[in-house]
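What follows is each chain in one-letter form.
2 protein chains.
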Amino acid sequence: MKALRLGTAVESTFQGGGGNGMVPSPRLLAPNGGEATHHREEGGNNGPSPGLTALRPTKPRSGKKLFAAPAGNKPPRRREPIWRGLVFFSVALNIGLLLSLCVNSTTTLPHHNERQEEHQACLINLDDAGRSGGKTMASQEEEPVPKLAAAMAPSTGKPAVTPESVINLDHGDPTMFEEFWQGTGSAAEIVIPGWQTMSYFSDVGNVCWFLEPGFGHEVRRLHRLVGNAAVDDGYHVLVGTGSTQLFMAALYALSPPGAPAPMSVVSTAPYYSSYPAVTDFLQSGLFRWAGDASSFKGDTYIELVCSPNNPDGAIREAVLSSESGVAVHDLAYYWPQYTAITRRADHDIMLFTVSKSTGHAGTRIGWALVKDREVAKRMTKFIELNTIGVSKDSQLRAAKVLRAVSDAYELPKGREAHRLFDYGRRKMVERWSMLREAAAASGIFSLPEETSGYCNFAKETAATNPAFAWLRCDREDVDDCASFLRGHKILTRSGSQFGADPRYVRVSMLDRDDAYDIFVKRLSSLR
Amino acid sequence: MKALRLGTAVESTFQGGGGNGMVPSPRLLAPNGGEATHHREEGGNNGPSPGLTALRPTKPRSGKKLFAAPAGNKPPRRREPIWRGLVFFSVALNIGLLLSLCVNSTTTLPHHNERQEEHQACLINLDDAGRSGGKTMASQEEEPVPKLAAAMAPSTGKPAVTPESVINLDHGDPTMFEEFWQGTGSAAEIVIPGWQTMSYFSDVGNVCWFLEPGFGHEVRRLHRLVGNAAVDDGYHVLVGTGSTQLFMAALYALSPPGAPAPMSVVSTAPYYSSYPAVTDFLQSGLFRWAGDASSFKGDTYIELVCSPNNPDGAIREAVLSSESGVAVHDLAYYWPQYTAITRRADHDIMLFTVSKSTGHAGTRIGWALVKDREVAKRMTKFIELNTIGVSKDSQLRAAKVLRAVSDAYELPKGREAHRLFDYGRRKMVERWSMLREAAAASGIFSLPEETSGYCNFAKETAATNPAFAWLRCDREDVDDCASFLRGHKILTRSGSQFGADPRYVRVSMLDRDDAYDIFVKRLSSLR
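Chains E and D, in that order, give the protein sequences.
Heads up: the first sequence at position 67 corresponds to 67 in the working numbering, and the numbers run straight through without jumps.
Heads up: the second sequence at position 89 corresponds to 1089 in the working numbering, and the numbers run straight through without jumps.
Calculated from the structure, these hints are not laboratory results.
A virtual CB, placed ideally from N, CA and C, is assigned to each residue, including glycine.
Mixed in with the good hints, there may be bad ones.
Sample of chain D residues lacking proximity to chain E, with all beta carbon distances greater than 10 Å (derived) [unchecked claim]: (1) Phe-1180; (2) Phe-1201; (3) Gly-1227; (4) Pro-1257; (5) Ser-1284; (6) Ala-1404; (7) Ser-1483; (8) Leu-1526.
Here are the simulated distance ranges between beta carbons [stated by the list, open to error]: (9) Ala-259/E to Leu-1411/D: 39 to 47 Å; (10) Pro-1256/D to Ser-294/E: 49 to 57 Å; (11) Glu-317/E to His-1488/D: 53 to 61 Å.
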């Protein structure tokens, strides 16, 4: 019953730094405008409205039932039992009533208007309704200031979707994985007492002095389990505030400060839309975006190799080769739920993130495996200057999460139901199957060919099931697929932002079930 | 019994980006070198050595006894009861034995050698020995893999101090506050289930879309309680990965992208040593360090105003004034433990951080209060491009911590013992008194004059007790105070790094009691 209804988000470069990038347009949320700014920001003061409170208990927490099917099995898609239909109806009714009070229209099409971002006064928080077991943030309401506890219950601030909603699949927000983690009980729960991890330092003897040793350990353990990347033979583990910070750190580390010109940063198109934006937004004298690697002329460069590739899921290798060129491998999606693990990657710099491996985007934890000690030190230096290290709380949490993933595979008996990669692959296979059917039913879209390989981790042949769909609109009168889809209340990211044809769009495959279901249904109806 | 023994740390500019900055020199830790790199990084695999395990239980957790003295009272310094002496002796004996096995010498003076940072094979972790109540990380050892739980127990990786140790007061690591938070029980403890806060988004309706509403609420509440900064009348709350990221965000937001030359960034000397380093390390075309504000010529600039000032504790105002100049106010130390709260600051951009207000440096959470909406949006854009938001886990934790601070003042009965600012002021008054006595006993040092003002928060006249001591060595044959002190195993930061006379040094006043005590004793003996 949870989902999102956001406005379009256009990734801006530094020239348009005032633009909204990931920030959703507010028009969809609250086209009514008004003087609600402070009411919104101060919402915690007032506690939830009776309407919101009444809504909470109706949210299904189905974590306990998620793993009835044996792990690795691929059940037919049957996700509409009667109780779920009833709950859906009940929640939809409540939401409908509430929204009719709060916003003028839930079906207004996205219209970018930055001045109204804060005018959404009726956000619905369905995330703090409770869970299948253990202590929750919401359960702290027995403490002296119940209103505050309620206000602190984490949320995306996103209203629920309805069949009429605008569906935002522009970002790769990995909320699909919430369902899995709701089923793991306390295995991935973390408790941090007030006095813990107060120092800047985590491990003064390490190159990366702010790396929590427990996190570094779980990173190595998981890679050994999955077999997707080398971690022995001298690799350094570095932690970053998401892999984006590590990406910048790599650019910094690989660009000699005294060079006559900025280092050229390239990647084969279609390339991840953030690469040019993040490279150039500070107009650094050290490095500069130089576009598509396949048309680059020169010997000195940093080539970004994303594999499986964002946006199109392709398995990639570096296309350039030179003595003075270097590669950074972004392996965010090189995990068994998305692709076959065909080899143990052993590149000089490899980037990973919990956002895509486990779905914990809000934790903002990425890591790099780095061969060269001097490069590792210079990357560490970047993070020191940029943010004086990385949140220890998030590192501890990420360590606990990664540990739960490994434990489910390595510890005996009773853990099969909690195997992340089995769950993820099952979901992705199911979603890709739905998407291909929808595209076929519509007849106006095409998708990349399915490829497969023998997965050393799963010990079977596995198809690629990318985290994004690289969708092409084949209708001859459609030059701009993103606009066409937006006209049908589906928000995606245009191919033009990836250095590619705007007849392509990138579609996130990782949203929650309800949003994904509506998307697929709507897509299949387009002609 | 806890403290640190680190090497010197010289803040480097981007030209020397490969230098060590905050990274402690390893020589002090392990001058023996060897092939221990992987042993260190893999420590979690092996579990703690018997020696380390044996040491843990000896660490005193004195949280329960900290608040015997009534809040606001200033007890005479009497912190050596018999039990403490015995425990000290016991721990010192154990540490001595252990260190004699692990390192060649604990008294070697710092010698910068970057190649040996990872050669420290015998770090002593005293931080996970338990605590006064509630669930700890260490208590999770009952779970299936006890060794891992032990390895994940957070730590600074710092060995304990002894009377012979090198004392590192180069960084403002606020571990003094651990003692306070050990005494607050579960008030500041946080529990995060595995499925929570997985989305990138926190509050899609807000300018700062990654701000957890509960954190924003507690920030405003605390400022209203303390009266140190305006939060109403349209101020936006932005969250950052520490205030350093917000500092960079402010530079980005205030530098017009199309300007003919980079914006000049200035601050009156002595200025915080990170300002030039952070401004220039990426060689941005948007902004550039331009030195001491008091000698700046020009109309267009960003003036950094740190008040109370790092390093010298002075209360500051902007010294430049021009139509096209702007100021950023760094108010990290404008809290009642450090200075009298004489007015409610209401500048255009004000920066704060939990590192200095509550002592939670490892949490990496800062916030900005920003008047102008467009500036707030552009600062948010910086953080989006730099790290795609800020750790939600840390925001939730910071919210809980700030809430505990406010609750102790606002809720009735029984909370007087847990009032952070009362505790902090008592400690700082005590430490400054000790330091002034030591400087007087030595005869070769001078300190800034004590100033005072009426504190609107404490409702009494209060002296300034800065978080750093700006110490001058008056001996005529000493040109470089930092070198002189290093020769006596006291590590400080040279005045030259603050744009000032190297006869000055900055000394952190926020380390743990044992390290501070040794420092003061040693200082008083210098002639």
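- Message: Just want to verify: Leu-1526/D was marked as not at the interface with chain E; is every Cβ pair farther apart than 10 Å?
- Response: holds (26 Å)
- Item | Least C-beta distance from Pro-1257/D to chain E larger than 10 Å | violated (6 Å)
- Beyond 10 Å from chain E, beta-carbon-wise, is Ser-1483/D? Since the minimum Cβ distance to chain E is about 22 Å, Ser-1483/D lies beyond 10 Å and the statement holds.
- With 10 Å as the threshold, tell me whether Ser-1284/D passes as away from chain E on beta-carbon distances. The assertion about Ser-1284/D is violated, with a minimum of 5 Å to chain E.
- Query: Taking 49 to 57 Å as the hint, is the beta-carbon distance of Pro-1256/D and Ser-294/E inside that range?
  - Reply: With a Cβ separation near 35 Å, Pro-1256/D and Ser-294/E fall outside 49 to 57 Å, so the hint is violated.
- So does Glu-317/E sit 53 to 61 Å from His-1488/D, Cβ to Cβ? holds (57 Å)
- Task: Examine each Cβ of chain E, and state whether all of them lie more than 10 Å from the Cβ of Phe-1180/D.
- Result: Phe-1180/D not clear of chain E: closest Cβ-Cβ about 8 Å, inside 10 Å.
- Gly-1227/D non-interfacial with respect to chain E [C-beta, more than 10 Å]: The assertion about Gly-1227/D holds, with a minimum of 18 Å to chain E.
- Against chain E, does Phe-1201/D hold up as non-interface, every C-beta pair farther apart than 10 Å? violated (4 Å)
- Query: That 39 to 47 Å hint for Ala-259/E and Leu-1411/D (C-beta), does it hold up?
  - Reply: violated (59 Å)
- Item | Consistency of the no-contact label for Ala-1404/D, given chain E and a CB cut of 10 Å | violated (7 Å)
Comparing the model with each earlier hint shows violations of hints 1, 2, 4, 5, 6, 9 and 10; every other hint is respected.
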